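Number of protein chains: 2
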Amino acid sequence: MAYNKWGTEDEAKELSPSIQKMLSKMLGATKPTPSSKPLLAASNATETDVATIGAIVGSQYIAVDDEQRRPRARGKSYLDLLDWRMDDEVTAPDLVVAPGTEEEILEILHYCSHERIAVVPFGGGTSVVGGITPLPGGHRAVISLDLVRFDALEDVDEVSGLATLGAGLSGPHAEMKLAEHGLQLGHFPQSFPYATIGGFAATRSSGQNSAGYGRFDEMVRELTVVTPVGIIRPGHSSPATAAGPSIKEIFLGSEGLFGVITRVRVRVHPIPEDKQYEAFTFASFDKGVAALRAVEQAGSGPTVLRLSDEIESSVNLTSTDKIGESDAEENKGCLAITMFEGTKEHADRAHAETRALMLANGGRSVGEEPARQWEKGRFGAPVLRDSLMDAGALCETLETATDWSNVPRLKKAVSAAIAKELVDESAALIMCHVSHVYATGCSLYFTIVAGASDDPQQTARKWRAAKSAATEAMTLHGGTITHHHAVGTDHLPWMDKEIEVLGIDILQAVKQRLDPAGILNPGKTFDRGTSMPHSLRND
Amino acid sequence: MAYNKWGTEDEAKELSPSIQKMLSKMLGATKPTPSSKPLLAASNATETDVATIGAIVGSQYIAVDDEQRRPRARGKSYLDLLDWRMDDEVTAPDLVVAPGTEEEILEILHYCSHERIAVVPFGGGTSVVGGITPLPGGHRAVISLDLVRFDALEDVDEVSGLATLGAGLSGPHAEMKLAEHGLQLGHFPQSFPYATIGGFAATRSSGQNSAGYGRFDEMVRELTVVTPVGIIRPGHSSPATAAGPSIKEIFLGSEGLFGVITRVRVRVHPIPEDKQYEAFTFASFDKGVAALRAVEQAGSGPTVLRLSDEIESSVNLTSTDKIGESDAEENKGCLAITMFEGTKEHADRAHAETRALMLANGGRSVGEEPARQWEKGRFGAPVLRDSLMDAGALCETLETATDWSNVPRLKKAVSAAIAKELVDESAALIMCHVSHVYATGCSLYFTIVAGASDDPQQTARKWRAAKSAATEAMTLHGGTITHHHAVGTDHLPWMDKEIEVLGIDILQAVKQRLDPAGILNPGKTFDRGTSMPHSLRND
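From first to last, the protein sequence lines are chains A and B.
Letter by letter, the first sequence follows residues 1 to 539 in UniProt numbering.
Letter by letter, the second sequence follows residues 1 to 539 in UniProt numbering.
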């Protein structure tokens, strides 16, 4: 993946004439956000660091050159990408290391604890919340610890539907290895092409097939984690247990604060024998939400269940090749996508029950084509962001979740908060969809396109204000501050509202026990508000 | 509930002639285990304790008399019940208190922290693992803190399917209050008639409808917990979140170690509009297990899915009124029970898909009657244990869970370990069933009936040896030490094998932060093996 955009150069997409027209109509005359290639801050690693860590991992697995440091300097949030379009020096890890075993990691952590060097674990580098920003937190240097060599499918239990995957395996690599056994993980977040198994666990990722296969944290049976005080394998040899508090649930979502995840044992399933698709439209978002709720609460079992609001449907975001072409029949009202997988019998039954509930709740079937189009283009949206930035637009996403009864209130509050900050001389497009459903509620995912200023610093300030207002609205109106993007550094300032001060105290106690020198991701340690969050770093 | 048996005097059942015949045939001549009424240890509470705590809660909510202390002195394990049949003095809480608000609990915990008094939270008193035994752990007295006054249905969100229940509500009371809103929790462990909402959460309980509605820990959205350092509400305003490690999962299964659970917000569902039943038989347990696995992995959605092994099926444990009558057609082979709930459409579809898979995997339908009988008698078994004890039999249950591929190995290992300790001059009946299924594995629940000695002390030693051997076998053969009975004091000696020493360190760190004086359930604090577990207390 290119260090300064989503995906590779090959994947770059030109904006279609229709979207260009839409942009200029909506946002007025825009100027491309300038491209730049800022310098990296010089490395603070000493010769002793390089020699010592090199001796642990082998000299071919350690680097201090800019080519290796640059792609590990930032994640893929809009603010991260903007950093590459400014002239300011960009902070970067001082050293990149790719250990091959847990024992090597343990040795590195010992050295770094002793030498006061910060360590930031690195998987796919797809964080959109500042999760891999190399903040030293008072330490004398920062190491980016790349899990790329943990790339094996370690074992497969086809009877139980379990497999152990190396933390450094990307989504596609994991699926390719499982496919050799006729198995599938079925975890398809938008970051799927680049993100890794370890990252999915560390961030409580959730994929687009979550209605069928659950969130990634629900798929995890066991983890291997290297902490500075030793190796632990939280999780169980059994599918469920009543043996006390869940140690595994402390490491899921821990984002490298307590240790380095190296292996993940996960639930897998046979590659579906059958796949069925159907799309529906609803007269309003609220009616569509009521239908999704009926389907989920009945337990009718779709694999994918999602709903776009009026604006997102009209922009036709379901097909990245057709964005802005809003004349299709399916783009009237709110578009809902359903997909069904499993045995033929199971897909038939789930489809029939779901279809009946969608129709009974006011849905109108528009056939399978929009659902197939959505599936085809579902990893394409992040690539478009780069093109939109080139065209002078601000483009970012954010997400939350809430109870079914609170969906209208939260959607309104978050949209209003964003609009208040972004709508000024130019308009802003604030689109929303539901893409993860639960018995008691659902996620809300917002995609925002607005005009950017000529000055990237000014645009960054504008976005930070909008993001801050949106997050504040979530905490005030019954939403979580993140449904599947994780905390990173961007969401740190709201963690006390999310888990209370006593919750932060508990995480601090665990942190102190496992990482007494505080070397792991020190810039994003949960504390009572004394951190320097990413979202404020230039203010 | 009577202090010295399960249920009330009214519920007592005489053993049927067929079971009496079976017992004498199997176990030889038995003498009734003697009945006794041992004295309670004198209370160590001081006048100041009574006056101070009485001033906090009101004098009508505090007691030091034996009538109040006795029912809170022991849980309902076989060893607990044996204690009441010996002549030795029985340890008991020194004081019983029933606070009415979180603020009162906080004041009590402050007083006890200062005065070095241990606190054991009390719900229904149904622990079968020594969970409520009043161990002082070096403190000068022990208080039993009864949650009985937290008995309200606090709020209901019918749209989202959420309700907040007081921790002291028993299973039936919670269901009655929800039924007024057309809702159901659907959590039916065998302890349902007496156990409480707070206890379900504190122990990670799992009910007989878990295939449909999940384990209790999965139903919990949010908890209110009073810790010695303050009140915390772990959980979220949203159905799922990626905002860091799960604080809620630290309190689920915490068994009163970190705080007192006072309220639980749970997922509820409409009272099912339809209910369908069907029973099947399989030629062998392994074939039956394969069928259950096929059903669960296909996602066909039964509400109840369970399977008895050959011995349990032949004893006809599915109907407590007919135990030992083994001539019925459905008792040849291994009996499986299925039940389906929901809308008529949903139950129809789940039933059809499940039925097809059961038949395709070698099952033979034996109609709905055995399933209906099972449902009718499903809370009756614990009552029979008292009658079996009266008749001179040792009777107890234990449980574990494992991966599907490991079921035969674990069942064999646990059965052999129990048999080795129990089968001597008399035979032992070791029965097993699967009652909780997951995509990757299932539970194994063992019911053991064997001959008891004339000397209860001798019988207790014999059972402790069998329980210890069974638990050791679980840790050696891929099982969890408890699937839904929790840790209590009985399972403490194996916690280091279950969650590793680092896992215990993590829980200790949390404990020290939340309960610095160590007053909460000090006798069962997870530590590195320095505790005095219940299972060894008379050795």
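The reader is advised that the hints may include incorrect statements.
A pair counts as met if it fits within one copy or between any two copies, since identical chains are not told apart.
[To be verified] Within a straight-line C-alpha distance of at most 20 Å, the following computed SDA-like cross-link-like pairs (lysine to any residue) qualify:
1. K344 x A294
2. K344 x R355
3. K420 x S113
4. K177 x S43
5. K21 x P493
6. K37 x V156
7. K287 x D157
8. K420 x L106
9. K332 x M22
10. K497 x G137
11. K177 x R372
12. K376 x R464
Please keep in mind that the hints were generated in silico from the structure rather than gathered at the bench.
In this text the structure is predicted, and so the values were computed from the model without any measurement.
Do the hints match the structure? See the list:
no., hint, in the structure
1, K344 x A294, "between (23 Å within a copy, 14 Å between copies)"
2, K344 x R355, "both (16 Å within a copy, 16 Å between copies)"
3, K420 x S113, "neither (45 Å within a copy, 50 Å between copies)"
4, K177 x S43, "neither (37 Å within a copy, 65 Å between copies)"
5, K21 x P493, "neither (38 Å within a copy, 70 Å between copies)"
6, K37 x V156, "neither (45 Å within a copy, 56 Å between copies)"
7, K287 x D157, "between (43 Å within a copy, 19 Å between copies)"
8, K420 x L106, "neither (48 Å within a copy, 43 Å between copies)"
9, K332 x M22, "within (17 Å within a copy, 72 Å between copies)"
10, K497 x G137, "neither (23 Å within a copy, 36 Å between copies)"
11, K177 x R372, "neither (25 Å within a copy, 46 Å between copies)"
12, K376 x R464, "neither (32 Å within a copy, 60 Å between copies)"
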